[in-house]
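Novice: Please construct the entire structure, taking both the sequences and the accompanying hints into account.
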Amino acid sequence: MGTKRGSVGEKARGYPGERIRAGGFTLIELMIVLTIVAILVSIALPIADSAILRAREAVLKSNLHTLRTLIDHYTADKRKAPQTLDDLVTAGYLRALPKDPITNETDWQIVMEDASMFPDQLELGIYDVRSNSEAVSSEGTAYSEW
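Numbered according to our numbering, the sequence shown terminates at residue 146, and the numbering increases by one at each position without gaps.
Just so you know, the hints here were simulated from the structure itself, not pulled from any lab data. Computed from a predicted model, the values in this text were never measured in an experiment. Honestly, I wouldn't trust all of these hints.
[Claimed, not checked] Listed next, with one range per pair, are the computed distances between beta-carbon atoms:
#1 Thr69 to Val136: 22 to 30 Å
#2 Ala38 to Gln83: 29 to 37 Å
#3 Ala55 to Gln83: 30 to 38 Å
#4 Val111 to Ala135: 15 to 23 Å
#5 Thr84 to Ile36: 51 to 59 Å
#6 Thr141 to Gly24: 37 to 45 Å
#7 Ala76 to Val136: 47 to 55 Å
#8 Ser50 to Asp107: 22 to 30 Å
[To be verified] Cross-link-like lysine-lysine pairs, in silico, DSSO-like; alpha carbons within 27 Å at most:
#9 Lys99 to Lys61
#10 Lys80 to Lys99
#11 Lys99 to Lys78
#12 Lys78 to Lys61
#13 Lys61 to Lys80
Think of the CB as a built atom: it goes at the ideal place given N, C-alpha and C, for glycine as much as any other residue.
Specialist: Below is the structure:
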């Protein structure tokens with residue numbers, strides 16, 4: 001007659017020093033898994049950061065293009081250039097002034113014109129708009145030069 005073995009978690013009968021292993025992970029297995037997860041995260045973070053930066057730069061380019069186009073439309077329609085960017089909002093060309101995605105503020109750097117853009121323009125004003133950030137883009141140029 002053989003000896004009966006117990007269920008999981010009970011000590012086996014008949015074999016001195018024999019243990020039945022309960023379900024779970026050893027410390028070494030947990031350390032290996034955590035090391036692999038840490039390596040994957042360290043690879044993914046720079047990729048995510050660069051994707052976020054590229055997205056912000058794309059939004060900045062789009063916002064600059066929109067503001068420049070609306071300044072031209074305002075100047076052509078009113079025969080005078082806007083004196084502030086808020087004039088574009090007041091006149092209904094924009095619902096609200098967009099934020100600079102780099103500075104996260106609406107503090108755009110404005111460039112006043114030296115000469116009129118249109119022949120029948122009566123009043124000078126804003127000619128161009130740029131980012132107020134002094135940071136350098138992924139292209140190697142300052143955002144304020146875009």
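Novice: For a C-alpha distance cap of 27 Å, please report whether Lys99 and Lys78 respect it.
Specialist: Holds, because 25 Å separates the two Cα atoms, which is no more than 27 Å.
Novice: Indicate whether the distance between the beta carbons of Val111 and Ala135 respects the range 15 to 23 Å.
Specialist: Given range 15 to 23 Å: holds, Cβ gap about 19 Å.
Novice: Range first: 30 to 38 Å. Now tell me if the beta carbons of Ala55 and Gln83 are that far apart.
Specialist: Cβ of Ala55 to Cβ of Gln83: about 32 Å, so the range 30 to 38 Å holds.
Novice: How does the Cβ-Cβ distance of Thr141 and Gly24 compare with 37 to 45 Å: does it lie in that range?
Specialist: Hint violated: Cβ distance 56 Å, outside 37 to 45 Å.
Novice: Confirm or reject the claim that Thr69 and Val136 have a C-beta distance inside 22 to 30 Å.
Specialist: The hinted range 22 to 30 Å holds for Thr69 and Val136, with Cβ atoms some 26 Å apart.
Novice: Would you say the C-beta atoms of Thr84 and Ile36 sit inside 51 to 59 Å of each other?
Specialist: holds, 55 Å
Novice: Compare the distance between the alpha carbons of Lys80 and Lys99 with 27 Å, and conclude whether the hinted pair is satisfied.
Specialist: Holds. Lys80 to Lys99 sits at ~25 Å (cutoff 27 Å).
Novice: Hinted pair, alpha-carbon criterion (27 Å max): Lys99, Lys61. Please report holds or violated.
Specialist: holds, 12 Å
Novice: Check the hint pairing Lys78 with Lys61 against an upper bound of 27 Å on the C-alpha distance.
Specialist: holds, 26 Å
Novice: Can the suggested window of 22 to 30 Å be confirmed for the beta-carbon pair Ser50 and Asp107?
Specialist: Roughly 26 Å apart at Cβ, these two residues keep to the hinted range, so it holds.
Novice: Is the hinted pair Lys61 and Lys80 satisfied, with a Cα-Cα distance of at most 27 Å?
Specialist: At roughly 25 Å apart (the allowed maximum being 27 Å), Lys80 and Lys61 satisfy the hint.
Novice: Taking 47 to 55 Å as the hint, is the beta-carbon distance of Ala76 and Val136 inside that range?
Specialist: violated, 34 Å
When each numbered hint is compared with the structure, violations occur for hints 2, 6, 7.
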